[in-house]
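Protein chains: 2
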Amino acid sequence: MENIKAYVTQHKDRFINELIELLKIPSISADSAYSQDVLNTADAVKKALLTAGCDTVEICETPGYPIVYGEKIIDNNLPTVLVYGHYDVQPADPIELWDSPPFEPVIKKTEIHPDGAIFARGSCDDKGQMYMHVKALEYMVNNNNLPCNVKFMIEGEEEIGSTSLAWFVERNQEKLANDVILISDTGMISNTQPSITTGLRGLSYVEVEVTGPNRDLHSGLYGGAVANPINILTKMIASLHDENNHITIPGFYDKVEELSTEERAEMAKAPFSLEAYKKALDIDEVYGETGYTTNERNSIRPTLDVNGIWGGYTGEGAKTVIASKAHAKISMRLVPNQDWKEITELFTNHFINIAPKAVKIKVTPHHGGQGYVTPINNIGYKAASKAYEKTFGITPIPQRSGGSIPIVALFEKELKSKTILMGFGLDSDAIHSPNEHFGIFNYLKGIETIPLFFKYFTEMSK
Amino acid sequence: MENIKAYVTQHKDRFINELIELLKIPSISADSAYSQDVLNTADAVKKALLTAGCDTVEICETPGYPIVYGEKIIDNNLPTVLVYGHYDVQPADPIELWDSPPFEPVIKKTEIHPDGAIFARGSCDDKGQMYMHVKALEYMVNNNNLPCNVKFMIEGEEEIGSTSLAWFVERNQEKLANDVILISDTGMISNTQPSITTGLRGLSYVEVEVTGPNRDLHSGLYGGAVANPINILTKMIASLHDENNHITIPGFYDKVEELSTEERAEMAKAPFSLEAYKKALDIDEVYGETGYTTNERNSIRPTLDVNGIWGGYTGEGAKTVIASKAHAKISMRLVPNQDWKEITELFTNHFINIAPKAVKIKVTPHHGGQGYVTPINNIGYKAASKAYEKTFGITPIPQRSGGSIPIVALFEKELKSKTILMGFGLDSDAIHSPNEHFGIFNYLKGIETIPLFFKYFTEMSK
Numbered sequence: 001m002e003n004i005k006a007y008v009t010q011h012k013d014r015f016i017n018e019l020i021e022l023l024k025i026p027s028i029s030a031d032s033a034y035s036q037d038v039l040n041t042a043d044a045v046k047k048a049l050l051t052a053g054c055d056t057v058e059i060c061e062t063p064g065y066p067i068v069y070g071e072k073i074i075d076n077n078l079p080t081v082l083v084y085g086h087y088d089v090q091p092a093d094p095i096e097l098w099d100s101p102p103f104e105p106v107i108k109k110t111e112i113h114p115d116g117a118i119f120a121r122g123s124c125d126d127k128g129q130m131y132m133h134v135k136a137l138e139y140m141v142n143n144n145n146l147p148c149n150v151k152f153m154i155e156g157e158e159e160i161g162s163t164s165l166a167w168f169v170e171r172n173q174e175k176l177a178n179d180v181i182l183i184s185d186t187g188m189i190s191n192t193q194p195s196i197t198t199g200l201r202g203l204s205y206v207e208v209e210v211t212g213p214n215r216d217l218h219s220g221l222y223g224g225a226v227a228n229p230i231n232i233l234t235k236m237i238a239s240l241h242d243e244n245n246h247i248t249i250p251g252f253y254d255k256v257e258e259l260s261t262e263e264r265a266e267m268a269k270a271p272f273s274l275e276a277y278k279k280a281l282d283i284d285e286v287y288g289e290t291g292y293t294t295n296e297r298n299s300i301r302p303t304l305d306v307n308g309i310w311g312g313y314t315g316e317g318a319k320t321v322i323a324s325k326a327h328a329k330i331s332m333r334l335v336p337n338q339d340w341k342e343i344t345e346l347f348t349n350h351f352i353n354i355a356p357k358a359v360k361i362k363v364t365p366h367h368g369g370q371g372y373v374t375p376i377n378n379i380g381y382k383a384a385s386k387a388y389e390k391t392f393g394i395t396p397i398p399q400r401s402g403g404s405i406p407i408v409a410l411f412e413k414e415l416k417s418k419t420i421l422m423g424f425g426l427d428s429d430a431i432h433s434p435n436e437h438f439g440i441f442n443y444l445k446g447i448e449t450i451p452l453f454f455k456y457f458t459e460m461s462k
Numbered sequence: 001m002e003n004i005k006a007y008v009t010q011h012k013d014r015f016i017n018e019l020i021e022l023l024k025i026p027s028i029s030a031d032s033a034y035s036q037d038v039l040n041t042a043d044a045v046k047k048a049l050l051t052a053g054c055d056t057v058e059i060c061e062t063p064g065y066p067i068v069y070g071e072k073i074i075d076n077n078l079p080t081v082l083v084y085g086h087y088d089v090q091p092a093d094p095i096e097l098w099d100s101p102p103f104e105p106v107i108k109k110t111e112i113h114p115d116g117a118i119f120a121r122g123s124c125d126d127k128g129q130m131y132m133h134v135k136a137l138e139y140m141v142n143n144n145n146l147p148c149n150v151k152f153m154i155e156g157e158e159e160i161g162s163t164s165l166a167w168f169v170e171r172n173q174e175k176l177a178n179d180v181i182l183i184s185d186t187g188m189i190s191n192t193q194p195s196i197t198t199g200l201r202g203l204s205y206v207e208v209e210v211t212g213p214n215r216d217l218h219s220g221l222y223g224g225a226v227a228n229p230i231n232i233l234t235k236m237i238a239s240l241h242d243e244n245n246h247i248t249i250p251g252f253y254d255k256v257e258e259l260s261t262e263e264r265a266e267m268a269k270a271p272f273s274l275e276a277y278k279k280a281l282d283i284d285e286v287y288g289e290t291g292y293t294t295n296e297r298n299s300i301r302p303t304l305d306v307n308g309i310w311g312g313y314t315g316e317g318a319k320t321v322i323a324s325k326a327h328a329k330i331s332m333r334l335v336p337n338q339d340w341k342e343i344t345e346l347f348t349n350h351f352i353n354i355a356p357k358a359v360k361i362k363v364t365p366h367h368g369g370q371g372y373v374t375p376i377n378n379i380g381y382k383a384a385s386k387a388y389e390k391t392f393g394i395t396p397i398p399q400r401s402g403g404s405i406p407i408v409a410l411f412e413k414e415l416k417s418k419t420i421l422m423g424f425g426l427d428s429d430a431i432h433s434p435n436e437h438f439g440i441f442n443y444l445k446g447i448e449t450i451p452l453f454f455k456y457f458t459e460m461s462k
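Heads up: the sequence lines are chains A and B, in that order.
Here the UniProt record's numbering is used: position 51 in the first sequence is 51, and no number is missing along the way.
Here the UniProt record's numbering is used: position 276 in the second sequence is 276, and no number is missing along the way.
None of these hints come from the bench; they were simulated from the model.
Among these hints, one or two may not hold up.
[To be verified] Beta-carbon label-pair distances, calculated as ranges:
| # | chain 1 | residue 1 | chain 2 | residue 2 | range |
| --- | --- | --- | --- | --- | --- |
| 1 | A | PRO250 | B | SER239 | 46 to 56 Å |
| 2 | B | SER239 | A | GLN173 | 47 to 57 Å |
| 3 | A | ALA265 | B | ASN214 | 30 to 40 Å |
| 4 | B | ASN214 | A | ASN244 | 21 to 31 Å |
| 5 | B | SER239 | A | GLU342 | 25 to 35 Å |
| 6 | A | GLY315 | B | LYS416 | 29 to 39 Å |
| 7 | B | GLU275 | A | GLU412 | 53 to 63 Å |
| 8 | B | ASP284 | A | GLN173 | 45 to 55 Å |
| 9 | B | GLU104 | A | LYS360 | 31 to 41 Å |
| 10 | A | LEU39 | B | PRO250 | 50 to 60 Å |
| 11 | B | PRO101 | A | ALA280 | 41 to 51 Å |
| 12 | A | GLU174 | B | ASP284 | 48 to 58 Å |
| 13 | A | THR364 | B | LEU274 | 26 to 36 Å |
| 14 | A | PHE272 | B | ILE95 | 41 to 51 Å |
[Claimed, not checked] Using 35 Å as the maximum straight-line C-alpha spacing, the simulated DSBU-like pairs for lysine-lysine come out as follows:
| # | chain 1 | residue 1 | chain 2 | residue 2 |
| --- | --- | --- | --- | --- |
| 15 | B | LYS360 | A | LYS109 |
| 16 | A | LYS357 | B | LYS278 |
| 17 | B | LYS357 | A | LYS109 |
| 18 | B | LYS108 | A | LYS362 |
| 19 | A | LYS357 | B | LYS269 |
| 20 | A | LYS362 | B | LYS357 |
| 21 | A | LYS357 | B | LYS279 |
| 22 | B | LYS108 | B | LYS24 |
| 23 | B | LYS357 | A | LYS269 |
| 24 | B | LYS360 | A | LYS108 |
| 25 | B | LYS357 | A | LYS279 |
| 26 | A | LYS362 | B | LYS362 |
| 27 | A | LYS357 | B | LYS108 |
| 28 | B | LYS269 | A | LYS360 |
| 29 | A | LYS279 | B | LYS360 |
| 30 | B | LYS416 | B | LYS151 |
| 31 | B | LYS357 | A | LYS255 |
| 32 | A | LYS357 | B | LYS255 |
| 33 | A | LYS357 | B | LYS362 |
| 34 | A | LYS360 | B | LYS279 |
| 35 | A | LYS108 | A | LYS279 |
| 36 | B | LYS279 | A | LYS362 |
| 37 | A | LYS278 | B | LYS362 |
| 38 | B | LYS109 | A | LYS357 |
| 39 | B | LYS357 | A | LYS278 |
| 40 | B | LYS109 | A | LYS360 |
For every residue, glycine included, the Cβ atom is placed at its ideal position computed from N, Cα and C.
Only chain A is shown next, with the shape it has when bound in the complex:
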């Protein structure tokens, strides 16, 4: 595989242009207005997989958006790598904060990406990272050095909870049989210090509605005499954390794994500058659970964040109204061993319990997923580590991440195989935010590194 670097250099412009075409399709799964675009993206992924060298590619129907399944089986006696990715993207709001339209990709240089980065929604999460695998396959097929079997499962509902993927995986265990699952949907520390994600947080995402009076009221005539749903909602949300920023939901921490002093000391070795972190976010102080460091707070500890809140008059000027309803979207990041369905139920019961009788409460669970930890002593991890070492010239650091890929725990349960999270994005890539981007360096480095994983994994499996 000595020629991979040369191949990438030779086809670089085409690799970038193909990704740009894919990024132009606004495949926002959360907004039904874009459903045709989501479907068109599935078709585009199917074509790309066939062109890259898959023997068969199917658009598999599900209760929701379809799953693109492709495979190239060269020998049943060789190992099989299952590549998972997603072709749907996050909504682009707040749209006004984008410097260029989210679905009109542009390449711009940044301090962190001196070779340029592609700015577009989905560039990093996950179209760009998923497409690295398609191009890695192209390389291996065109150069006759695909060392094992490969299967692709690319879904369209990752940003809305992967409901149909769970349905699909449960019904296709034989089709999806594999020796290792490979996902690029996470990040690494920096372009000079690669890392491999070994832990993911779980997630419980709920929407709450507080209803007071049956109609909007004049705040002068009714103010002070009836429960204002917005005031009540702020009170209820505020009460979910105590003065140490511990979450107050009874039973919430019961199953939380407490790391040993040694493990925490090991974690603390990862390079991290609190000053640089604060400067990058333009904040004077970090904020979180008492007794834990920033890197612990966003990885080994569960959290509760309001992701959206709305109610009453939010237009220009002033309106003296007491709204009939107030709403919030709330997500909890969970750590391994916390069961997301149990946490969702604990939240729901608690939130209803703490409401004053003057309002009515509705809690709607959106989706969730379990946390996950990858052991670093299995051959999947070792093969990935060796691949990064070869292309970056430095051993990657194993790292717990605060994000969630809820499907990973399901894969282990249903397919009985371990998942290796070979992410090439950076925290600063602004995924889920305006001006999401993905470094050209990172994109090409991913295409270079993935075939090496295939090679080492096959060798180590012998």
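Using the hints, position chain B against chain A.
Then chain B, alone, in the frame of chain A:
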């Protein structure tokens, strides 16, 4: 004036149709998209006043929307009544909750309004109530029984704080010289129990912004480690009330007038059914400051209500984001003696003080106004009381209202005259809410009652 009832009956349909035409213009002063409509409404009011019999009517320019000033001076030795009203209206949001478009007036019968009510934004607040005075003038002029001088001052910024009106009044004290100010912009207890508003609450309206990180962040990667501006905002707002629903801003209650046991006993005599109140709003319990009744909470006690809140992702589905900013619009209703500028300052300082260092705070005052109490022993009140008694057949009850007409305190200061609040709306008319309406009975009864006020006030002034 025995023929007023006959005149109203004869011209009833025209009176209704003229008001309907006025209601079709969406004069939303809070939203600059409607500025031409606001100006067109001023022109329509000018024409209506000229048609009704004013000798001169001017569109008076101000730094904001113009004030329509009209007058009919019959004898400088006779008293002068200054009628104040406003031609602007509240925004119509949430538009989806209107049963018919807010600016396409329709007449429908309701349980409370068996003779029908006009449903439209501004029907009661204040186009309908203001136009009663225009039609009352028409009657008095056409029938040669205008007993005194009359001046009209109709503004276009009442719903956004009357800033230009204050400017105008300060500069036109001679032009506006009067013996009593008459306003119909309040309500009465019911169609069988009229009441006159003798107290108004003051108002301080502010907008707050909480800024955390400099961009929206992925809640998985950053959740738990940085201050989430929405969580912080809910915590800050929640802390503004204690467990007894007292407001916690230091100094907030310092100037609040505590009513005597006798006064509170007198207030408690007003007919009120808590069960009917809860049923009308479809709430299981009322909610408010410990130690006060519902009618006290919404009249003699100050309040703090969130009128709007927004931040993060509020669209369909789920987005795991930590917003960079969170916002709220907050208004405080004040009681007489509380100075709104002082309260705005107390709020601002307190809100900044309680913020954690991990966020930045911006407080923008929108507008405000002083509370007011009208004595019931002056001839303005007596004349109004007698007028209602004549047309309704029952003595009106003096009543404190929770609403605010900030300009009333200014009138007293600048023009040295008392204001009489002859309101004909009902609490159930849904002003500031979807499906605002104004009873046909109330509209016509107002036109009938106003000329009697002119008559009695002139007689009592002799």
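Tell me if the straight-line CA distance from LYS269 of chain B to LYS360 of chain A falls inside 35 Å. It holds: about 32 Å lies between the C-alpha atoms, which stays within 35 Å.
Given the hinted pair LYS362 of chain A and LYS357 of chain B, is their alpha-carbon gap at most 35 Å? holds, 33 Å
Hint consistency between LYS357 of chain A and LYS255 of chain B [alpha-carbon to alpha-carbon, up to 35 Å]: holds, 32 Å
With a cut-off of 35 Å on the C-alpha distance, tell me whether LYS109 of chain B and LYS357 of chain A pass. Roughly 33 Å separates the two Cα atoms, so the pair holds.
Just to be careful, I want the Cα atoms of LYS357 of chain A and LYS108 of chain B compared with a cutoff of 35 Å; is the pair within it? With Cα atoms ~34 Å apart, LYS357 of chain A and LYS108 of chain B stay inside 35 Å; holds.
Consistency of beta-carbon spacing, LEU274 of chain B to THR364 of chain A, with hint 26 to 36 Å: Check passed, 32 Å falls within 26 to 36 Å.
Could you see if the CB distance from GLU104 of chain B to LYS360 of chain A stays within 31 to 41 Å? Check passed, 32 Å falls within 31 to 41 Å.
For the range 29 to 39 Å, tell me whether the beta carbons of GLY315 of chain A and LYS416 of chain B fit it or not. About 38 Å separates the Cβ atoms of GLY315 of chain A and LYS416 of chain B, which means 29 to 39 Å holds.
Starting from the range 46 to 56 Å, see whether the pair PRO250 of chain A and SER239 of chain B falls in it by beta-carbon distance. Given a distance of about 23 Å, which is not inside 46 to 56 Å, the answer is violated.
Given the hint of 21 to 31 Å, check if ASN214 of chain B and ASN244 of chain A actually sit that far apart at their C-beta atoms. holds, 26 Å
50 to 60 Å as the expected CB spacing between PRO250 of chain B and LEU39 of chain A, which holds or is violated: holds, 59 Å
Given the hinted pair LYS108 of chain B and LYS362 of chain A, is their Cα-Cα distance within 35 Å? holds, 33 Å
When each numbered hint is compared with the structure, a violation occurs for hint 1 only.
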